[in-house]
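Q: Work out the full structure: start from the sequences and follow the hints.
Residue numbering for the sequence shown follows the UniProt record's numbering, beginning at 1 and increasing consecutively.
These are computed hints drawn from the structure, not numbers from a lab. Note that the Cβ used here is the ideal one computed from N, Cα and C, for glycine as well. Certain hints may be false.
[To be verified] Label pairs and their in silico Cβ distance ranges: (1) Glu168 / Ser36: 38 to 44 Å; (2) Gly17 / Asp43: 23 to 29 Å; (3) Asp167 / Asp43: 29 to 35 Å; (4) Pro147 / Ser99: 35 to 41 Å; (5) Thr89 / Ala170: 25 to 31 Å.
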Amino acid sequence: MTTPAPYEFEIREGDDGATHPVEQLWTPCAGDAVASGFIAHRDLFVIGIDDATDDHLYPVGFIVLGHQPWADITEAATAYMSQIHGWRTLRLYPGDDPSVFIPRIPRAVLTHGVFLRHPHSDHGCGCEWGETWRMVWAPATAPGAIPVTAMRHPAAPATAGDLPNPDEGAPATWAV
Numbered sequence: 001m002t003t004p005a006p007y008e009f010e011i012r013e014g015d016d017g018a019t020h021p022v023e024q025l026w027t028p029c030a031g032d033a034v035a036s037g038f039i040a041h042r043d044l045f046v047i048g049i050d051d052a053t054d055d056h057l058y059p060v061g062f063i064v065l066g067h068q069p070w071a072d073i074t075e076a077a078t079a080y081m082s083q084i085h086g087w088r089t090l091r092l093y094p095g096d097d098p099s100v101f102i103p104r105i106p107r108a109v110l111t112h113g114v115f116l117r118h119p120h121s122d123h124g125c126g127c128e129w130g131e132t133w134r135m136v137w138a139p140a141t142a143p144g145a146i147p148v149t150a151m152r153h154p155a156a157p158a159t160a161g162d163l164p165n166p167d168e169g170a171p172a173t174w175a176v
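A: Next up, the structure:
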C-alpha cells in the first residue's frame, strides 16, 4: 500500500521523446538561498512569502531555513523588512493606522517544506514559473523535505500565508 504524495511533479515530453520533470526538488544552501531571494542575517537565511490567494505589496509571512527559536526568526524577519523594504519596524505595514492595536507578534512554527525550483531559462516551456521556486509544506518524512521556521507577519490577517498550525494537527510544533 502506498500513501499519496504531498506534492506531484508535472512531467513533459522532450523533443527526443524522453519525459522530464517540469520542476525539480531544490535544497537551498548558502549560495543558492541568497541567489533565490533569501537574505542572510546572523547565519540565518530568511525570505518574505506572499499569500497564495492574493498578490500583496508586502510579505504576509516569513520563512527561515532550519529550526530556529522564535526570537531569532522575529529578528531575522525585521532585518528582512529593513533590508528589502526599508522598514525600521515589523509592527505595521506602511500607511497603516498606528492607533490600531496589534496584540502581539505571532508565534513561529517549526515545520518542514519541499522547495520546488523550475528549470532555468534554457528550459523550453516558457511558462510563468520560469527561473522561480516555490515551497510546499510537507511532513518531515517527505522526500526532499527540509526543516523551516515560519511566522505570519503581525499586520497580516490570521489566515494569511496558509502557515501550518500545530493546534490543528498540522505537522508542526511551536517555536520557543
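Q: Each hint needs a verdict: does it hold in this structure or not?
A: Cross-check of the supplied hints:
1. Glu168 / Ser36: 38 to 44 Å: Violated: the Cβ-Cβ distance is about 30 Å, outside 38 to 44 Å.
2. Gly17 / Asp43: 23 to 29 Å: violated, 46 Å
3. Asp167 / Asp43: 29 to 35 Å: At 30 Å between Cβs, range holds.
4. Pro147 / Ser99: 35 to 41 Å: holds, 39 Å
5. Thr89 / Ala170: 25 to 31 Å: Cβ of Thr89 to Cβ of Ala170: about 29 Å, so the range 25 to 31 Å holds.
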